[in-house]
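Residue numbers (the working numbering), protein chains in the order written: chain A, 160 to 601; chain B, 160 to 601; chain C, 160 to 601.
Everything labelled a hint here was simulated from the structure, so no lab data went into it. If you're wondering where the values come from, they're calculated on a predicted model, not measured in any experiment. Don't take each hint at face value.
Identical copies carry no separate label here, and so any pair may be met within one copy or between two of them.
Here are the simulated DSBU-like pairs of lysine-lysine, each with C-alpha atoms no more than 35 Å apart in a straight line [claimed, not checked]:
id	residue 1	residue 2
1	Lys293	Lys592
2	Lys309	Lys599
3	Lys599	Lys164
4	Lys592	Lys228
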Amino acid sequence: MSLLKEFERRDLGEIGRDLHDFAASLYPICRSITGSGIRRTLAMIQDRIPLRIHEVPTGTPVFDWNVPKEWNIRDAYIKAPDGRRVVDFQQCNLHVMNYSIPVHATIPLNEIRPHLFTIPDHPDWIPYRTSYYKEDWGFCLSHNQLAELKDADYEVCIDSTLEDGQLTYGECYVAGRSSDEVLISCHACHPSLANDNLSGLAVATFLAEHLSGRDLHYSYRFLFIPGTIGAITWLAQNREASERIRHGLVLTCIGDAGGFHYKKSRRGNAEIDRAVGCVLRDCGESSEILNFSPYGYDERQYCSPGFNLPVGCLMRSVWGTFPEYHTSADNLDFIQPAQLARSLRLCASIFDVLEGNQSYLNQNPYCEPQLGRRNLYRSTGGDSISIEIHARFWVLNLSDGEHSLLDIAERSGMPFAAIHDAAELLRENGLLKGIVGVEKAP
Amino acid sequence: MSLLKEFERRDLGEIGRDLHDFAASLYPICRSITGSGIRRTLAMIQDRIPLRIHEVPTGTPVFDWNVPKEWNIRDAYIKAPDGRRVVDFQQCNLHVMNYSIPVHATIPLNEIRPHLFTIPDHPDWIPYRTSYYKEDWGFCLSHNQLAELKDADYEVCIDSTLEDGQLTYGECYVAGRSSDEVLISCHACHPSLANDNLSGLAVATFLAEHLSGRDLHYSYRFLFIPGTIGAITWLAQNREASERIRHGLVLTCIGDAGGFHYKKSRRGNAEIDRAVGCVLRDCGESSEILNFSPYGYDERQYCSPGFNLPVGCLMRSVWGTFPEYHTSADNLDFIQPAQLARSLRLCASIFDVLEGNQSYLNQNPYCEPQLGRRNLYRSTGGDSISIEIHARFWVLNLSDGEHSLLDIAERSGMPFAAIHDAAELLRENGLLKGIVGVEKAP
Amino acid sequence: MSLLKEFERRDLGEIGRDLHDFAASLYPICRSITGSGIRRTLAMIQDRIPLRIHEVPTGTPVFDWNVPKEWNIRDAYIKAPDGRRVVDFQQCNLHVMNYSIPVHATIPLNEIRPHLFTIPDHPDWIPYRTSYYKEDWGFCLSHNQLAELKDADYEVCIDSTLEDGQLTYGECYVAGRSSDEVLISCHACHPSLANDNLSGLAVATFLAEHLSGRDLHYSYRFLFIPGTIGAITWLAQNREASERIRHGLVLTCIGDAGGFHYKKSRRGNAEIDRAVGCVLRDCGESSEILNFSPYGYDERQYCSPGFNLPVGCLMRSVWGTFPEYHTSADNLDFIQPAQLARSLRLCASIFDVLEGNQSYLNQNPYCEPQLGRRNLYRSTGGDSISIEIHARFWVLNLSDGEHSLLDIAERSGMPFAAIHDAAELLRENGLLKGIVGVEKAP
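With the rest of the complex left out, here is chain A (with noise of 0.2 Å):
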């Protein structure tokens, strides 16, 4: 039974519910690219799916790359002459840029100032704010905050290890029939950010755990990672896997209010390519297609020229373009649980249309075959025919071996399962065949 069919068949508003709770586990947790944050979060998702999870050393050459420190944080705060925290890193993790060196001393408000980050434009809101590779500290605040600091003497303190260590990521494998991958990419290295961070991994651990134990063509492989340097670190470790890699989906900002975005894979028009936009055409929420930039999230490292994967990225809002990206705003209340079960919902689609493609061969391509005799077919004549058959014909006219069914479904215009469904009763009616070699029912 198709994916999407066993979801029609739960209570999808429960669904989301759930989503939304695990989303709000992993809110509070203070993650980076590497160290304790992102270890916790990771044994969080492998209390619902069986997650390998990977530690690398600091210092390993990652192509052009090298795997970086490993950055802790335990405290971290601006503390006024009156001894009160004006800035505390304990009430909002976004307080701190995200991998400061530490820093503890005194020093006038001039002298901190430069290490201040607002955003005028939202004076309530926090940034978020990281400086990975170039060794610096810095605060964030809301312009508010700001305003109301007085000149005077402040006591800085970012209470942080920046060590050689490991980069940590999980990797979960479900294993199909065939070796060929789907390769589902997210990252899992932003703090309390939920729409930019957390839909995505809360609705890969959902599919992830969906899949399970089922029947599967595909071998699915799930990725919880720092962004950039994990994706630089898994395909630099993993180049035998990522040539199995047949299709994929980076997936994030998924849990908004807002519509669809799919962008592109590099080729334009590989299988996920079509397929996304085959489900996005008949999913009933309004959806973009965008057409690949390599700038973006970790698809610039599976499409970069030398590996030239097919990945595309999912999304609701697209990154950068709502005020909330990357500020405090983006927070539990951002992400809606009937959005993230949409977005499951809708992945699950996807994964229905890349194990369902194939062509097939009409056993009686001279003519139509008597759909009738067979009760394929409407009795009375005069009346118009139903969606179900007008599906059956079109699989019959375009199944001559060199069209699949996606090919027919962007074709007829009808749903991907619509075609598929007609392929299902023809051929267990014997006028369908399926291709030899490349048969992917069981």
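Based on the hints, put chains B and C in the right spot on chain A.
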């Protein structure tokens, strides 16, 4: 001389009246996919053109089908207790469901109701229904008629026979210089329906008449056949002839007041598709090109994947999209002399393209030849040039052996006739040569 | 340094005034396709650039044509009975139909009328007429002038000669490192017409001046020729050189206030077509790309099927579409210094694309190289990246040996200059290598 030009010398109004008169003479006959109705129809066509009549016995296997029993009907009615015929086949042959098995009984209205068909949205119209492949009986009547029937016992009588016999179809072959064929196919199995049947029969008959005795490149095969089973039967029994079909048109619903619609062949870019597209572009009537779909008229069979013939379907209003379709309102008022005549002329233009389309070689390919000294150019500079001279430049520029005249008409946006005339003139002046081996001209 | 960048360091206003002054100095000359007018024009161009003057004798066969007789004119007028010149060549050289044979007679107005040309819709303007290949004589005058002529005998005098002589054209060759050529062609045969002639002559002359002495990849050939017969003559006598033409532009009507129009070469997707398309897309002025058609300027000859050279035509307003075309209103007010200068700059941008377009190989094709440690990236995460950094990502991503910089500019939607600068920077940093054997850089 071109077919179109000859048309332009005749009175289109008169041609339209002749077409309508011919349709009117066929209108009263109760046609079906077999039986005396189609036989009589073919005999009347035979009065105008040399038609070869074929009879294929019931039970003959044709691909996945068998030729059905032959159906004939003499009378049918529903008689009220007072002896009055409340539904009477003699008044309108649509009243009986086509292919109804014989029945004669007096039964309460309640038991008759499942066999009655009406159109509640158009309470004055009688629907057209068939049940070819499921043995059944029924009556079609206006919704108003039905409303007046009171609960009582009625005498229902269908005096029909459904017995072993023949499937009958007609074929008119107009020989050209080449054995390559143009197929024109229309169904002849609908009873008193004007646009959906008679318009195509009339236009095809007049086309065959118009082509007879001409010096033609292609041979033209006109089929007057029962829908679906007729096309299947012809294809099953004429595999060799089917391989000679280079272009084809199904003609139907070609007499109503709507603009033209052309449904492309399965190939989508066959020469016939491009020829019709070019002619419609310049025909001065509204028109729309539709993509192929595997449901419709007999293009379904010609375009089945085993044949995949370059056969499209030319219509005015598209079947199933106008309310009169398959009802008593598709009557002789619904088709119009002027539209029939313009449809006929359009077909002639299409044949002109097929007949005249070939490639030439510019004999002076280096720079333009000096048209002026051949009196093929205006003499005084400064003004714009005429369409005729424009067409000469286009033909000269693209006659490199890789562009046909149809290519040139498409690329230049100029009517095919203008391009063809220019090519003829240039050829007569020694500036072009037909490519050896592919010349269509006699 | 790019041609465009050097332009940006100069005063565009001053360049515009120089261009207009040069056009103004050429304006009074009565040019024709042969004779002293074009000779004097070429001599004035020769004052600025090294121009080789060619003279081809009358009667020389050039493909399907022969070089015509040489035409020269000293004076022409229509004199009223009172001795007043009512039409006077000395006031405006458009008054005489170009290539008029000599005539001197006193005849009644009625007999003169067939030789008089006016523009009733623009009663103040004098039309421009020619009769190169049909021996005839005529006068062009304003419709108002004609209206004032009373019936009487007038002395008509055209003091011209049409005798065996020469066809004259000029050629300026700017040698680059490669013998591959870029052709720039403009006609020099129109008398006092500014946009349709002088704008192209001025821009081409200044372009040749601008290119001289530079280190260039391509060699540039500038042709200043009589329209049609000049191009035919050059092609007939330079078959070998014509085979070295890799890209070409016909320049005409390039000084008026309209937006740019580029008519593509017959090939439709030649590199010159794409280069101009890319430059126009980003030029900040309105512009339109037109498909090739076989009528127009000398692209007609360069794009004849035997040559099929990649030569397009760059214009502002399209010849024949503006009312001033081929009238006395196409005067020095109709062309504007600013437009001439921007046309010149646009041509420089086009040459920049041709000169700079080549393919590179990303030396780190597996994942992105770490731009940060090479100071090619911003240092703090969280903000968007600059256009310059975007361009670097595009160049790295698509430099797989199958995409040229022009491909990348087209696909990215970024200006070619930004893409080219990024490629240079990446090459200097060792991240790109030019593909051996196709490098254009010195």
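Quick rundown of the hints versus the structure:
{"no.": "1", "hint": "Lys293 to Lys592", "in the structure": "between (60 Å within a copy, 28 Å between copies)"}
{"no.": "2", "hint": "Lys309 to Lys599", "in the structure": "neither (69 Å within a copy, 60 Å between copies)"}
{"no.": "3", "hint": "Lys599 to Lys164", "in the structure": "within (18 Å within a copy, 58 Å between copies)"}
{"no.": "4", "hint": "Lys592 to Lys228", "in the structure": "between (56 Å within a copy, 32 Å between copies)"}
Checked against the numbered hints above, the structure breaks only hint 2 and satisfies the rest.
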